[in-house]
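The whole structure should be built from the sequences, with the hints applied where relevant.
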Amino acid sequence: MSIVASPLHLASPRPGLLGALFAREPIFAGTALMMLAMMPPTLLAMALDARTLDGVNVWIKPLKFEIALALYLGTLAWFAGWLPAGYLRSRTHRLLAPAVAFATAAEMAWIGGAAHMGVASHFNVATPLAAALYPVMGLLAVTITLPSLTMGLALLRSGGALLSAFRLSLGLGLTTTFVLTVLVAGFMAAGAPGHGVGGTASQAAGLPLLGWARDGGDLRVAHFFATHAMHFVPAVGFVAARTLTERVARRAVVAAALGFVALVVYAFVEALMGLPFPSLAFS
Amino acid sequence: MNVDLLFSLSGSLVLAGWATLLAGALIPSTALRLWAQRLAGLAIPLLLSVAYAALVLAFWHGAPGGFDTLANVMRLFDTPQIALAGWIHYLAFDLFIGAWIARRAAEEGVGFVLVAPCLVLTFLFGPAGYLAFSALRAARTATPRSLAA
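If you read the sequences in order, they're chains A and B. When the count follows my numbering, it moves up by one through the first sequence with no breaks and lands on 283 for the last residue. When the count follows my numbering, it moves up by one through the second sequence with no breaks and lands on 149 for the last residue.
Simulated from the structure, these hints should not be mistaken for laboratory data. Only a predicted model underlies this, so the values are computations on that prediction, with no experimental measurement involved. Mixed in with the good hints, there may be bad ones.
Unchecked claim - If we take Cβ atoms under 7 angstroms as the criterion, some of the chain A residues that face chain B in the derived model are: (1) Pro40; (2) Pro41; (3) Leu44; (4) Ala45; (5) Leu48; (6) His116; (7) Met117; (8) Glu246.
Every residue, glycine too, gets a C-beta built ideally from N, C-alpha and C.
Here is the structure:
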């Protein structure tokens, strides 16, 4: 009887983009799917909960991390389709992928838990527990970022001088994401600490959703661009590979990567000077 | 969004789910039963679960009470949002069990007159309906085929 069959059909292959992601790298795809699944309750909690932190709803931050991690892990799963044969079966990947899934769950438990209690997660050293957790979370955050390095290096090494412009863009984008993100976020955690430079602590007056300060510097701008190198550089590579000759396309990819590094440095220095991004006028 | 609105929304949603289950049990249409299962066995319990999760995320912290004593469990329900979460918990899981009962009943050929009281009982008093349906199944299994036919 057909009505007896489970209405879920979880065992059947998933169609569309999600199915493609699962076929390429199931652990990253599955973790990205979990992040998507957390969005509806987070959004409803935001609608129900009136508590604020730094002038914005306490659930904004978990929502931003769910979006960002879903995009990041979904991108990794997608890029896994271009990895050299054998990488996904390597010891590096087989150890790293479950570690990334665990670290993602732990980060979300920490960020969501802090929102639940109405306190800050990052930069919170107010209680002994919060102060003890913060460095552990930094370690987990580096773990989450690590596959962008290992996948990027595997791509860069895969073709030698014959590496196609698109694979080059994937490799450069991923490695750039790792190096710049760890530098910027590490500075925010250890050097600053915090993301605001000057300005008020309130985020209510910041850019929509992103919350970037409009009345002072904000190191999250540099973090944002650093982490999105893995999207920008491959996007350039994708277009260049289809419109330019291979040699010119490779140069365009290298130029795009260097240009993007310059943008991150610019956003970083601008934030340190206490200026909002983008700042056209001198304030 | 306020809790009273969420309360009435959940009520309407769960009523729609129960209506499709009863209709599916009454009318011998495979398509209707499939839709009843999709709504009452999947979509509506999932929506209610989202609402439950959101309420617990937003209001569990700081709510007085706990799970350890009856008095503490009763204190949990002093917080309107947590009481609503508890109510949605009943609604979601009772409907899910209702869908399971409807599925089993169709599978085992239990007639509408027998399954409908079990569904109504589950709708009103959850576990009592599950108990009734389990007793009904036990009775049917024990009855020789020649008598049941």
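Going through the hints against the structure:
A cut of 7 angstroms between beta carbons decides the hint on proline 40 of chain A: the least distance to chain B is about 5 angstroms, and the hint holds. Using the Cβ-Cβ criterion of 7 angstroms, the hint placing proline 41 of chain A at the interface with chain B is satisfied: the shortest such distance is roughly 4 angstroms. Proximity of leucine 44 of chain A to chain B holds as hinted, the smallest CB-CB distance being about 4 angstroms (cut-off 7 angstroms). Annotation: alanine 45 of chain A was flagged as interfacial toward chain B, and the flag holds, the nearest CB pair being 4 angstroms apart, inside 7 angstroms.
With a cut of 7 angstroms, the hint placing leucine 48 of chain A at the interface with chain B holds, because the nearest CB-to-CB distance is about 5 angstroms. With 7 angstroms as the threshold, the beta carbon of histidine 116 of chain A comes within range of chain B, its nearest partner Cβ sitting at about 5 angstroms, so the hint holds. Look at methionine 117 of chain A: its Cβ gets to within about 5 angstroms of chain B, closer than 7 angstroms, so that hint holds up. A least Cβ separation of about 49 angstroms between glutamate 246 of chain A and chain B goes past the 7 angstroms threshold, and the interface hint is therefore violated.
Checked against the numbered hints given earlier, this structure breaks only hint 8.
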